[in-house]
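Peer 1: Make a model of the complete structure from these sequences and hints.
2 protein chains.
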Amino acid sequence: MANYALTLCFKGTAYCGWQVQNNARSVQSVVQDAVEMVFGARYGVTGCSRTDSGVHANEFVCHIKNAPAFDAEKLPLALNAHLPYDIAVKAARVVADGFHARYSAKGKEYVYLIWNSRVRNPFYIDTALQYPKRIDCEKAEALAQDFVGRHDFTSFMAANSGIEDAVREVWYFKCERDGDFVRFIVAANGFLYNMVRIMCGTVLQRLSGRIQEPISAIIEAKDRSKAGPTLPAHGLYLNKVFY
Amino acid sequence: MANYALTLCFKGTAYCGWQVQNNARSVQSVVQDAVEMVFGARYGVTGCSRTDSGVHANEFVCHIKNAPAFDAEKLPLALNAHLPYDIAVKAARVVADGFHARYSAKGKEYVYLIWNSRVRNPFYIDTALQYPKRIDCEKAEALAQDFVGRHDFTSFMAANSGIEDAVREVWYFKCERDGDFVRFIVAANGFLYNMVRIMCGTVLQRLSGRIQEPISAIIEAKDRSKAGPTLPAHGLYLNKVFY
Chain A
1 MANYALTLCF KGTAYCGWQV QNNARSVQSV VQDAVEMVFG ARYGVTGCSR TDSGVHANEF
61 VCHIKNAPAF DAEKLPLALN AHLPYDIAVK AARVVADGFH ARYSAKGKEY VYLIWNSRVR
121 NPFYIDTALQ YPKRIDCEKA EALAQDFVGR HDFTSFMAAN SGIEDAVREV WYFKCERDGD
181 FVRFIVAANG FLYNMVRIMC GTVLQRLSGR IQEPISAIIE AKDRSKAGPT LPAHGLYLNK
241 VFY
Chain B
1 MANYALTLCF KGTAYCGWQV QNNARSVQSV VQDAVEMVFG ARYGVTGCSR TDSGVHANEF
61 VCHIKNAPAF DAEKLPLALN AHLPYDIAVK AARVVADGFH ARYSAKGKEY VYLIWNSRVR
121 NPFYIDTALQ YPKRIDCEKA EALAQDFVGR HDFTSFMAAN SGIEDAVREV WYFKCERDGD
181 FVRFIVAANG FLYNMVRIMC GTVLQRLSGR IQEPISAIIE AKDRSKAGPT LPAHGLYLNK
241 VFY
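The listed protein sequences correspond, in order, to chains A and B. Under the numbering used here, the first residue of the first sequence is numbered 1, with each subsequent residue one higher. Under the numbering used here, the first residue of the second sequence is numbered 1, with each subsequent residue one higher.
By construction, these hints were calculated from the structure, which means they are not laboratory data. Accuracy of the hints is not assured; some may be wrong.
Identical copies carry no separate label here, and so any pair may be met within one copy or between two of them.
Below 27 Å or equal to it, Euclidean Cα-Cα: the simulated DSS-like pairs (lysine-lysine) are [stated by the list, open to error]:
#, residue 1, residue 2
1, 133, 90
2, 240, 226
3, 174, 74
4, 133, 74
5, 240, 65
6, 174, 226
7, 90, 222
8, 133, 226
9, 65, 139
10, 74, 226
11, 240, 90
Peer 2: Right, here's the structure in full:
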């Protein structure tokens, strides 16, 4: 008997997100099916976070508790043989009994990927947001520094998400350009519902002039209506989990 | 009345290639439909090459002959509104009467994209070949230099393609690594049927030791059976057309 931590990569387009839901196909249920095929019985698979419908992951960690002995080196190939092409197990390792994919995580890094061109990119229809107006990355990164630090992020949380403590610590917010691709990269000790998508939507509207208030003032206001729009799910990637 | 040259980008997965075929969906027919929507009448659209089923293009050039006057700057957006998401017009310009997308081309550059990892990449299932064995790019590029120059490429042409003159001039063959992605980049004044895919398949088998003969000897033999396999279409991109 052992606990295993799996590192997954998935394209979220065809899924309702990580978490099992009635009448929808979730990444969790598909992974649990593969685990059952490999181990011969059903084991709970617990993820490091819920992810929204259509959100992707370059690195998503989940754990399987009290599963039978299995060569961890061979687990990725065994599971991949039973997973659809849009999900891949990149790595597996045996972890301590106390390890929990979600509660043991110290923080996460998300990437929001933008195809910054007037012409769409046929290869990134489901995997990057097309945004026509030229993004000034230096300016974006500079104004987003207001996010960094320990703040109450009520303004950057989906209204009615029912969370009481909206204080989170943002570690960094970077903006990188690679040709016509722009990446917003943000890490924090935790994220509220839709937080990254609202943060990125606010940065874009600050750049375009639609929002005039500095981000520090929007944080201060603790008012969702002061911030920008929630960007679509298909540009968002869970990129790293810190333990 | 004017001739227009269009630069397209397309993901070839859903198409039987460029050329119109009975009972199959081609890029050409879809572009001709969009041209008809914009110009109000049907005009022939001629491509710079046939491409195989499933092959992609970062840059594919075609021309429309004797079409009505239209602001070339606005043509991409107008056409894109009538094209499916997996095809995009990147640019349009008015060209001389004598311009022909295929016959005026001096050469082309293709890229063969490989995801060089034991674990598949969920984001590149249709757009890169997964190849598990580590590719030594320096070695690959060195041994592929035999391709460069003017040669009879009969060994690197699909058998029975019915072409009499198999002499082509290869300008360069490069191999670049970017993380777990490997790109074979090859340019020539023209390509035979399946030529790039057979060249790349031969390079991989030379690296793995399955093929022992140097590429110069395989060229010399003028015998398709001496060369390596035709790699799958989904890793191949028409990357540039030289005029």
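Peer 1: Take the hints in turn and mark each one as holding or not.
Peer 2: Hints, verified against the model:
Proximity of residue 133 and residue 90 under a CA criterion of 27 Å is satisfied inter-copy only: 16 Å between copies versus 36 Å inside one chain copy. When the C-alpha separation of residue 240 and residue 226 is checked against a cutoff of 27 Å, the pair qualifies neither within a copy, at 29 Å, nor between copies, at 46 Å. Neither within a single protomer nor between protomers do residue 174 and residue 74 lie at most 27 Å apart by alpha-carbon distance, with minima of 36 Å and 34 Å respectively. In this assembly of identical chains, the alpha carbons of residue 133 and residue 74 lie at most 27 Å apart only when taken from different copies (17 Å versus 47 Å within one copy).
Proximity of residue 240 and residue 65 under a CA criterion of 27 Å is satisfied intra-copy only: 22 Å inside one chain copy versus 51 Å between copies. Only within a single protomer do residue 174 and residue 226 lie at most 27 Å apart by alpha-carbon distance; the minimum there is 22 Å, versus 51 Å between protomers. With identical chains, the CA atoms of residue 90 and residue 222 are never at most 27 Å apart, being 39 Å at best within one copy and 43 Å at best between copies. In this assembly of identical chains, the alpha carbons of residue 133 and residue 226 lie at most 27 Å apart only when taken from the same copy (22 Å versus 52 Å across copies).
Neither within a single protomer nor between protomers do residue 65 and residue 139 lie at most 27 Å apart by alpha-carbon distance, with minima of 46 Å and 45 Å respectively. In this homomeric assembly, residue 74 and residue 226 never come within 27 Å of each other (Cα to Cα): the closest approach is 50 Å inside a single copy and 36 Å across copies. In this homomeric assembly, residue 240 and residue 90 come within 27 Å of each other (Cα to Cα) only inside a single copy, at 13 Å, whereas the closest approach across copies is 34 Å.
The structure shown violates the earlier hints numbered 2, 3, 7, 9, 10.
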